[in-house]
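Enquirer: The chain contents come next:
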Amino acid sequence: MIYNIVHSILRAAGNINGYGLFSFILFFGFFIGVLVWAFALKKNYLNHMGDLPLDGGEKNSTDKTQSDKL
Amino acid sequence: MNVETFKYDNRIVRAFAIATVVWGIVGMLVGILAAVELFFPGANLNLQFITFGRIRPLHTNAVIFAFVGNGMFMGIYYSLQRLCKARMFSDWLSWFNFWGWQTIIVAAAVTLPLGFTTSKEYAELEWPIKIAITIVWVAFAVNLFGTIVKRREKHMYVAIWFYIATVVTVAVLHITNSMTMPAGWFKSYSMYAGVQDALVQWWYGHNAVAFFLTTPYLGLMYYFLPKAANRPVFSYRLSIIHFWALVFLYIWAGPHHLLYSALPDWAQSLGMVFSLMLIAPSWGGMLNGLLTLRGAWDKVRQDPVLKFMVVAITAYGMATLEGPLLSIKTVNSLSHYTDWTIAHVHVGAMGWNGFLTFSMLYYLFPRLYKTQLWSTKMANYHFWIGLLGMMFYCIPIYVAGVTEGLMWKQFNKDGFLQYPNFLETILQVVPMFRLRAIGGTLYLVGAFMMAYNLYRTAKAGQFEPDTEAQAAPLEKTVAPHGKPSWHRLLEGKPLFFTVLATVSILVGGLVEIVPMFLVQANVPTIASVHPYSPLEVLGRDIYIREGCLGCHSQMIRPFRSETERYGEYSKAGEFVYDHPFLWGSERKGPDLAREGGKYPDAWHYTHMDDPRSTSPGSIMPRYSWLLTQKMEVDTLPSHLIALRRIGVPYPAGYENGPAQKDLQAQADKIVANLKQGSITAEPDKEIVALIAYLQRLGMDIKSAPITTAAK
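Residue numbers (the working numbering), protein chains in the order written: chain V, 1 to 70; chain U, 71 to 781.
Since the hints were derived computationally from the structure, they do not count as laboratory data. Some hints could be false.
[Claimed, not checked] A short, non-exhaustive set of chain U residues, derived as facing chain V with CB atoms under 8 Å:
#1 152
#2 153
#3 223
#4 297
#5 302
#6 306
#7 538
#8 541
[What the hints assert, rightly or not] With a cut-off of at most 16 Å between alpha-carbon atoms, the simulated EDC-like pairs for lysine to aspartate or glutamate come out as follows:
#9 224(U) x 55(V)
#10 297(U) x 58(V)
#11 220(U) x 161(U)
#12 739(U) x 754(U)
#13 59(V) x 74(U)
#14 59(V) x 79(U)
#15 224(U) x 51(V)
#16 59(V) x 538(U)
#17 220(U) x 545(U)
Each residue gets a CB set at the ideal place from its N, CA and C atoms; glycine is no exception.
Bound conformation, chain V alone:
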């Protein structure tokens, strides 16, 4: 009976079939999982990761790279 109710609601909502429902549930579960995971990460870890590009390990890095010769 519940199946029939769900089925008729989905059909009325735009003929949503099994493929659509499966895909939506799959993505929704995946997305919530990623969200939970991302928010469970520690602050100091995130800060370390964010800083990674700024330290390339170069021995002599000069960053005055603009001039005007025109």
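With the hints as your guide, set chain U onto chain V.
Expert: Same frame as chain V, now just chain U:
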């Protein structure tokens, strides 16, 4: 702590940097020629090699794979070494990657004008080149993973995730869509037919945009933006969500290129819904980029690198909002086949990819040459002229697209089409085509200014082939609290990470593609549809060679405005022998799905010789060479055998005699028809084969009652 000293390879970065500048200019030049040909059809000088149909794929391939491709390799080879604190895994592989890629580009630049094409958009290159692409890509993948494995930094920064997703997904897409049956050294037929071929192609085509033009460039954004702004990314947490949501969602969106086509409705709906959901991660990424500059906007005013980046990220945001909106079926019913799509992709190509590439080049050259940028002022001029060029390109083409869409759909008060002559709708937008060419030229002028500025920068400085760096080697560490966390495990183990990313991108493809192949109800067969005759096969080959589908679709959508103009809407079962499908994605001329029997043979002959003699004002180029070139009858057996191998039911031995007899009989009939129209033609000329093919289009269901039978 034991610190190791090592060197980053700058030579490979410089090589790809020069290549991206050179090929970028070439790609833009070809684009301008194509743009000019759309309002001045004689611009090809009546040379078949530079007609619109042949150089359109040359332009798209040059921009995507040569300009952006080399830009991507440049950025990855620079950033990956620094993020891994390791030199590239193998210098030999780096250079194999470089020279292999340039060889492929040259091969494309030669074969596409010669007419060697599969006709599948952004996958036009014929099978030997496709194999070369696979080999070079594998070399790149080995080099990338090898570098990741020998890294001295424990964690994999999010940019590397994007690079991994790119490597894996492009490989999957390329191999799946390249399944072809060779019929000679430079001729092959897609293994898939009709609806299935269309789905695989646009699953590929859309994700070529996603995983060649977007994900690697997002990785580069996450590296170069913090470097240029000298501050970490706004939210690393958001970048994680951005990555996973994006790679999972993108792969599903392909069917939005086939809305209202003969593709089953469920696949269209999936494509639409997942495209809409893409707004969320895309805008998450855009905001993450722009917010990285919080408190640093004063730098943006002075630094051309940041200026280019801000526009690039904004263009990414605009394109990724517009893309999902264009995927809504109602909007798509207006926009599809029009220049709206062209405007949309140019916001992405010129704004996102172009400007981000320019910003990386301005960032890298002074650092590679240990000097300052020769002229910041000139770079600023480049910024403004490039931006103006983009505006002058995109705005007129948006206007053109909407105008075309509205005119095609307009009915008068009596219920007839307001503009029944297709040509009228195109002539209306020709002034926009002219403006577009001006915009493209401005953009190219900017690129020349950049090339000169970079050249002077290089001349003024001293190239540093290797940059010395120091870092401690990666030690095997034990997690302080016993078991390592899920996240540490994931990004600490590249293989595990790669497997997960691969699964994420495979799910969408499998859910959409597998049922399309396995459930026969998706392609209801039509009893009266039969394979092409030998002469029609040769004609179809010519249609493919000339790139006719660059301007003519073969897919009538189920709208009254289309059925009134073209006839019965297209059915999935009509295309079961179409290897490859030729639905097209753009209409600069009318749809040809029901072209058969519309005009006499003599009309086609005259029209192909000079389109303006039958359609005054037409923007179609002349195809006079078809009147003099002989058709390649010698290749017929190999073509028929290849088609039989992939399921077209030609009887065994048909190619050894009977096919040639059928071909001759049909050609003689066309020649006789032409004679009635006072045209003397020889039966062995290419025009005869092309006329045979054009007169066949749509005739299967025109000539017989529709007896749709789902098996």
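Enquirer: Take the hints in turn and mark each one as holding or not.
Expert: Status of the hints after comparison with the structure:
1. 152: 4 Å, holds
2. 153: At about 6 Å, which falls below the 8 Å cut-off, the nearest Cβ of chain V leaves the hint on residue 153(U) intact, so it holds.
3. 223: 7 Å, holds
4. 297: This interface hint holds because 6 Å falls under the 8 Å limit.
5. 302: With Cβ-Cβ at 3 Å, under 8 Å, it holds.
6. 306: With Cβ-Cβ at 4 Å, under 8 Å, it holds.
7. 538: 5 Å, holds
8. 541: Because about 5 Å separates residue 541(U) from the closest Cβ in chain V, which is inside the 8 Å limit, the hint holds.
9. 224(U) x 55(V): Holds: residue 224(U) and residue 55(V) sit about 13 Å apart, inside 16 Å.
10. 297(U) x 58(V): 13 Å, holds
11. 220(U) x 161(U): Given pair residue 220(U), residue 161(U) holds - Cα atoms ~14 Å apart, limit 16 Å.
12. 739(U) x 754(U): Roughly 12 Å separates the two Cα atoms, so the pair holds.
13. 59(V) x 74(U): 12 Å, holds
14. 59(V) x 79(U): The hint holds at about 14 Å.
15. 224(U) x 51(V): Within the cut-off at roughly 13 Å; holds.
16. 59(V) x 538(U): 6 Å, holds
17. 220(U) x 545(U): The given pair, whose Cα atoms are some 11 Å apart, holds under the 16 Å limit.
Hint compliance for this structure: every hint is met.
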